[in-house]
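Sequences and hints are given; from them, build the entire structure.
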Amino acid sequence: MKKVFGRPKSMKSNIFHYCAGCGHSIAHRLIAEVIDEMGIQGITIGVPPAGCAVLAYNYFDIDMIEAQHGRGPATATGIKRVLPDRIVFSYQGDGDLAAIGIAESFHAANRGENITVVFINNAVYGMTGGQMAPTSMLGQKTTTSPTGRKPILDGHPVQVSEVFSLLPGTTYIERCTVNSPASILKAKKAIRKAFQYQVEGLGFSLVEILSPCPTNWKMTPTEACQWIDEVMNKVFPLGVLKDIPAGEKKESGKKP
Amino acid sequence: MQGNKVIGEAAIRAGCRFYAGYPITPQNELPEYMAERLRLVEGGVFIQSESEIAAIHMVVGASAAGARSMTSSSSPGISLKQEGISSLAACQLPAVIVNMMRGGPGLGNISPAQGDYFQATRGGGHGDYRVIVLGPATAQELADLTMDAFDLADRYRSPVMILADGMMGQMMEPVIFKEPKPRVYPENYIMKGAGSGKSKIIRGLILDPLEMEEHNWTLERKYRVISQQEPRHELYRADDAELILIAYGTGARIAKGAIKRLREAGIRAGLFRPITLWPFPTNDLRDLAKSVKNYLVFELSTGQMLEDVRLALQGYARIGFHGRPGGVVPTPVELANVVMRQYDRKQGIIEHN
Numbered sequence: 001m002k003k004v005f006g007r008p009k010s011m012k013s014n015i016f017h018y019c020a021g022c023g024h025s026i027a028h029r030l031i032a033e034v035i036d037e038m039g040i041q042g043i044t045i046g047v048p049p050a051g052c053a054v055l056a057y058n059y060f061d062i063d064m065i066e067a068q069h070g071r072g073p074a075t076a077t078g079i080k081r082v083l084p085d086r087i088v089f090s091y092q093g094d095g096d097l098a099a100i101g102i103a104e105s106f107h108a109a110n111r112g113e114n115i116t117v118v119f120i121n122n123a124v125y126g127m128t129g130g131q132m133a134p135t136s137m138l139g140q141k142t143t144t145s146p147t148g149r150k151p152i153l154d155g156h157p158v159q160v161s162e163v164f165s166l167l168p169g170t171t172y173i174e175r176c177t178v179n180s181p182a183s184i185l186k187a188k189k190a191i192r193k194a195f196q197y198q199v200e201g202l203g204f205s206l207v208e209i210l211s212p213c214p215t216n217w218k219m220t221p222t223e224a225c226q227w228i229d230e231v232m233n234k235v236f237p238l239g240v241l242k243d244i245p246a247g248e249k250k251e252s253g254k255k256p
Numbered sequence: 001m002q003g004n005k006v007i008g009e010a011a012i013r014a015g016c017r018f019y020a021g022y023p024i025t026p027q028n029e030l031p032e033y034m035a036e037r038l039r040l041v042e043g044g045v046f047i048q049s050e051s052e053i054a055a056i057h058m059v060v061g062a063s064a065a066g067a068r069s070m071t072s073s074s075s076p077g078i079s080l081k082q083e084g085i086s087s088l089a090a091c092q093l094p095a096v097i098v099n100m101m102r103g104g105p106g107l108g109n110i111s112p113a114q115g116d117y118f119q120a121t122r123g124g125g126h127g128d129y130r131v132i133v134l135g136p137a138t139a140q141e142l143a144d145l146t147m148d149a150f151d152l153a154d155r156y157r158s159p160v161m162i163l164a165d166g167m168m169g170q171m172m173e174p175v176i177f178k179e180p181k182p183r184v185y186p187e188n189y190i191m192k193g194a195g196s197g198k199s200k201i202i203r204g205l206i207l208d209p210l211e212m213e214e215h216n217w218t219l220e221r222k223y224r225v226i227s228q229q230e231p232r233h234e235l236y237r238a239d240d241a242e243l244i245l246i247a248y249g250t251g252a253r254i255a256k257g258a259i260k261r262l263r264e265a266g267i268r269a270g271l272f273r274p275i276t277l278w279p280f281p282t283n284d285l286r287d288l289a290k291s292v293k294n295y296l297v298f299e300l301s302t303g304q305m306l307e308d309v310r311l312a313l314q315g316y317a318r319i320g321f322h323g324r325p326g327g328v329v330p331t332p333v334e335l336a337n338v339v340m341r342q343y344d345r346k347q348g349i350i351e352h353n
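Listed in order, the protein sequences are those of chains A and B. Residue 1 is where the first sequence starts when you use this note's numbering, and the numbers rise one by one after that. Residue 1 is where the second sequence starts when you use this note's numbering, and the numbers rise one by one after that.
None of the hints are false.
Pulled a few chain B residues facing chain A out of the computed Cβ check, cut under 10 Å:
1) Gly61
2) Ala62
3) Gly84
4) Leu93
5) Lys198
6) Ile201
7) Ile202
8) Leu205
Estimated spans, in silico, between C-beta atoms of each pair:
9) B:Leu40 / A:Gly39: 33 to 39 Å
10) B:Val41 / A:Asn14: 38 to 44 Å
11) A:Lys141 / B:Val41: 51 to 57 Å
12) B:Gln229 / A:Pro168: 48 to 54 Å
Worth flagging that the hints you see were computed from the coordinates, not collected in a lab. Note that CB positions come from ideal geometry on N, CA and C, so glycine has one too.
So, in structure tokens, the structure goes:
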């Protein structure tokens with residue numbers, strides 16, 4: 001019988017510590033599948049963040065070096081510049097990327113480092129117990145915004161992908177989600193494209209993944225998936241924000 | 001050659017191939033030198049980072065990827081780097097960090113000072129760790145100790161700090177670069193993709209309590225070996241000395257001038273100069289106390305190395321102190337006068353309290 005689904009080779013056999021309904025484990029698997037399909041397990045180096053995914057190195061069967069909170073893109077920069085022929089990705093949450101590490105992420109993007117950032121946006125600090133994140137929705141109740149996020153006190157949700165796509169240094173930016181089988185397949189395609197561009201040396205790529213966090217959203221996994229569609233998508237619309245190589249292909253395909 | 005550039009050239013010759021840094025006075029000639037020099041050597045990478053924090057974490061990545069790596073800064077910038085230095089120590093990654101100290105606290109000013117001694121020799125960042133700290137006092141030593149720093153960093157898989165100041169960075173002296181030793185660093189420590197082998201993890205996060213403790217003991221065992229094997233010091237005119245000044249770096253240069261004056265005035269003064277500030281040459285100093293009973297600690301701070309001297313000499317000898325914190329560089333005349341005021345052959349030196 002043909003095997004249609006199994007554990008990716010780039011994944012260790014450890015059991016995920018993630019909560020039921022969490023998007024991290026899906027994102028991990030997608031990355032591992034892409035690494036397998038591209039045959040780059042032996043040359044890929046991952047940089048996990050501080051946050052729920054801090055233990056990513058227990059799950060990925062590739063070389064991994066932990067980064068301090070928010071510093072992933074700086075550490076990844078150091079690795080990639082020394083080993084330009086390796087595939088280097090940084091895996092970051094919303095607090096990691098859009099708050100404490102915004103400078104490192106922004107400038108790695110601006111320098112056009114030939115790395116890939118997988119950005120998990122779940123609108124809360126998960127590991128520390130559901131505090132308000134830079135990407136929390138207006139009105140969203142968290143442990144540090146008990147009456148809901150208020151723009152006048154707490155600012156607005158940061159649209160990382162939109163901001164980064166304005167930087168001339170970035171090559172490819174797409175926002176996806178993992179709240180349905182169809183969206184998961186799309187997210188995988190995006191990750192694959194980002195890694196492919198890195199292999200081709202085309203520059204900085206970022207895949208933002210809107211990711212359910214039922215535990216801290218205080219929802220069932222199903223409700224959490226619906227909340228992404230009904231609430232998060234309004235502020236964080238899905239789609240390709242920037243794809244320079246695809247644009248160039250289109251251009252060159254045009255008849256004079 | 002100018003001090004900051006000496007460090008840069010010595011680093012390149014020692015095989016440094018990665019430098020990341022952020023501008024701050026009084027060390028700017030060093031990143032500028034690296035920017036020019038690293039583009040001329042094979043595999044050389046220079047990055048002007050967006051912050052001190054980014055620079056040290058780039059060094060973390062580059063070091064893990066196998067490059068001899070360096071960053072440099074001055075006091076406020078070194079404070080920012082502490083997160084990454086702690087991380088280097090935890091992950092047991094080699095790197096060289098240059099601190100051209102300036103007057104502090106806060107932004108302070110750019111004049112020479114030695115107020116970062118505590119920060120440098122006590123680890124600096126959070127957690128139970130140490131950094132090997134070298135205190136050069138001449139341009140020649142800037143060259144020699146920079147090369148040694150890379151070797152020590154590799155040997156102990158540890159961050160190593162060069163602790164100097166704006167005077168050392170700006171002054172010019174002739175230098176002869178020694179032949180660097182070949183790098184000894186096992187391939188299997190380097191993270192470069194698992195290839196067909198087993199994948200590697202470099203981490204400082206250890207959630208299991210017993211594993212965490214064992215990791216800390218592993219580091220501690222290493223620090224004990226360093227404490228036994230690496231202390232270095234210089235003795236200057238100590239053979240016949242009745243009184244020993246203890247000073248390092250710029251302070252030691254001033255002390256040498258003061259010793260000349262003191263000897264002219266009939267006081268047989270000598271110098272004990274720690275070269276490694278951590279590990280502090282405690283045993284060597286205590287040995288010296290068998291024959292000399294009077295000491296005066298001189299620092300460009302209000303008394304930081306003084307504590308290490310007390311740990312070594314308390315109960316063995318009399319310890320005086322003279323310090324000028326960041327702002328003004330004292331002259332050899334001032335120091336000589338202080339010593340003459342504090343020291344009396346019959347009563348010994350006035351003890352600092």
